[in-house]
Amino acid sequence: MSTDTSLTGAELTDRLQRLGMLPTTGTPDDAVLRDGIAAFQRSRGLDVTGEVDPVTLGALDEATYSFGDRPLYLTSPMLRGEDVSWLQLRLGSLGFDAGRVDGIFGPNTQQALCEFQRNVDLVVDGVCARDTVAQLNRLSSRMGNLSVAGLRERESLSRRTTDLSGLHIAVVALGDDPQLTGAIASSLSDSSASVSVQTAHDWSDLAAYTNNVRADVCIAIELVYESVLDLAYFGTDGFESHAGRALAETLLRQLPQNPAWGPCVAQAMRLPILRETRCPTVRLRLGPSEDVTEQSSLLVAAVGRSLRLWVSRDHD
Numbered sequence: 007m008s009t010d011t012s013l014t015g016a017e018l019t020d021r022l023q024r025l026g027m028l029p030t031t032g033t034p035d036d037a038v039l040r041d042g043i044a045a046f047q048r049s050r051g052l053d054v055t056g057e058v059d060p061v062t063l064g065a066l067d068e069a070t071y072s073f074g075d076r077p078l079y080l081t082s083p084m085l086r087g088e089d090v091s092w093l094q095l096r097l098g099s100l101g102f103d104a105g106r107v108d109g110i111f112g113p114n115t116q117q118a119l120c121e122f123q124r125n126v127d128l129v130v131d132g133v134c135a136r137d138t139v140a141q142l143n144r145l146s147s148r149m150g151n152l153s154v155a156g157l158r159e160r161e162s163l164s165r166r167t168t169d170l171s172g173l174h175i176a177v178v179a180l181g182d183d184p185q186l187t188g189a190i191a192s193s194l195s196d197s198s199a200s201v202s203v204q205t206a207h208d209w210s211d212l213a214a215y216t217n218n219v220r221a222d223v224c225i226a227i228e229l230v231y232e233s234v235l236d237l238a239y240f241g242t243d244g245f246e247s248h249a250g251r252a253l254a255e256t257l258l259r260q261l262p263q264n265p266a267w268g269p270c271v272a273q274a275m276r277l278p279i280l281r282e283t284r285c286p287t288v289r290l291r292l293g294p295s296e297d298v299t300e301q302s303s304l305l306v307a308a309v310g311r312s313l314r315l316w317v318s319r320d321h322d
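Whatever position you read off the sequence shown (first residue = 1), add 6 for the working numbering.
Among the clues, some could well be false.
As the list claims (entries may be wrong) - Distance ranges between label pairs, derived from CB positions:
{"no.": "1", "residue 1": "R124", "residue 2": "S295", "range": "49 to 57 Å"}
{"no.": "2", "residue 1": "S147", "residue 2": "R76", "range": "17 to 25 Å"}
{"no.": "3", "residue 1": "R76", "residue 2": "G101", "range": "19 to 27 Å"}
{"no.": "4", "residue 1": "D36", "residue 2": "E296", "range": "26 to 34 Å"}
{"no.": "5", "residue 1": "A206", "residue 2": "D20", "range": "28 to 36 Å"}
{"no.": "6", "residue 1": "S295", "residue 2": "R144", "range": "49 to 57 Å"}
{"no.": "7", "residue 1": "A140", "residue 2": "S49", "range": "23 to 31 Å"}
{"no.": "8", "residue 1": "T168", "residue 2": "G188", "range": "20 to 28 Å"}
{"no.": "9", "residue 1": "E296", "residue 2": "G64", "range": "31 to 39 Å"}
Hint data in this document are derived by calculation from the structure and do not stem from the laboratory.
These figures come from a predicted structure and were not determined experimentally.
Glycine included, every Cβ here is placed at the ideal spot set by N, Cα and C.
Could you build the full structure based on these sequences and the hints that come with them?
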């Protein structure tokens, strides 16, 4: 089993035990450790591989913080952690829009925090420290488990354009996939949409690209070796991208069927491309390459058809 070299086996075991992913007694063998890693990945909305890749390592780091363990504030690079997610969800459930519950302390979270501090007569400094933590904990019994940010995104669906020509679409691919990505982009351009295309070997780089071009929606493609076709949109406890889910479910109905792929599913996940993009994003994972090539024209047509249905809101 391969693990990231920046985390020793003992450190990995300790973290997984603290998170309840491994028995707290004894030293796990490789199979048990792999199962523990897989359980953690599943619980955090990551691809389940049983190996510690950089994304999993980052999630393990973020899981070390509980709310109140450290001050939270806007800095560069932005603070990340499950404590930030807790803050965003609690602010959102109280009606202070911190944006999507992504665990990244950005300007929207700072603004919502300042509004909360002003409302409860605290010093308005945009820092979630002892006094603010105490107030949020005191109000926790009044809080729900849904953020107002999810409602705002749902409302925005009714205000968007109803034609592809009014959309700026990012079509991005993890790794080297010039053929399918290019074919989808070309087809969408022929439909008068504005299209930006990029490939890279890191989801965060592709998310940054998508944000930089100010895309309205993103189709993220990942080709893999196994026989699979699945879809993912951003979602976490108390928040999901309604627009992303609507597009994923539309794609689910429009994509071609291949017996080798088995049942296709659309699920909420927290992959970097879904979490870090500001626009609705759907990750399309499929393979192997020979099946993709064989179904290429059908896949291209299905993506275009799905986007037209999605943007026209005729997807229910």
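Each hint, compared with the structure:
1. R124 x S295: 49 to 57 Å: holds, 55 Å
2. S147 x R76: 17 to 25 Å: holds, 24 Å
3. R76 x G101: 19 to 27 Å: holds, 25 Å
4. D36 x E296: 26 to 34 Å: holds, 32 Å
5. A206 x D20: 28 to 36 Å: Hint holds: Cβ distance 33 Å, inside 28 to 36 Å.
6. S295 x R144: 49 to 57 Å: 56 Å Cβ-Cβ, so the 49 to 57 Å window holds.
7. A140 x S49: 23 to 31 Å: holds, 29 Å
8. T168 x G188: 20 to 28 Å: 27 Å Cβ-Cβ, so the 20 to 28 Å window holds.
9. E296 x G64: 31 to 39 Å: Holds, at about 33 Å.
Hint compliance for this structure: every hint is met.
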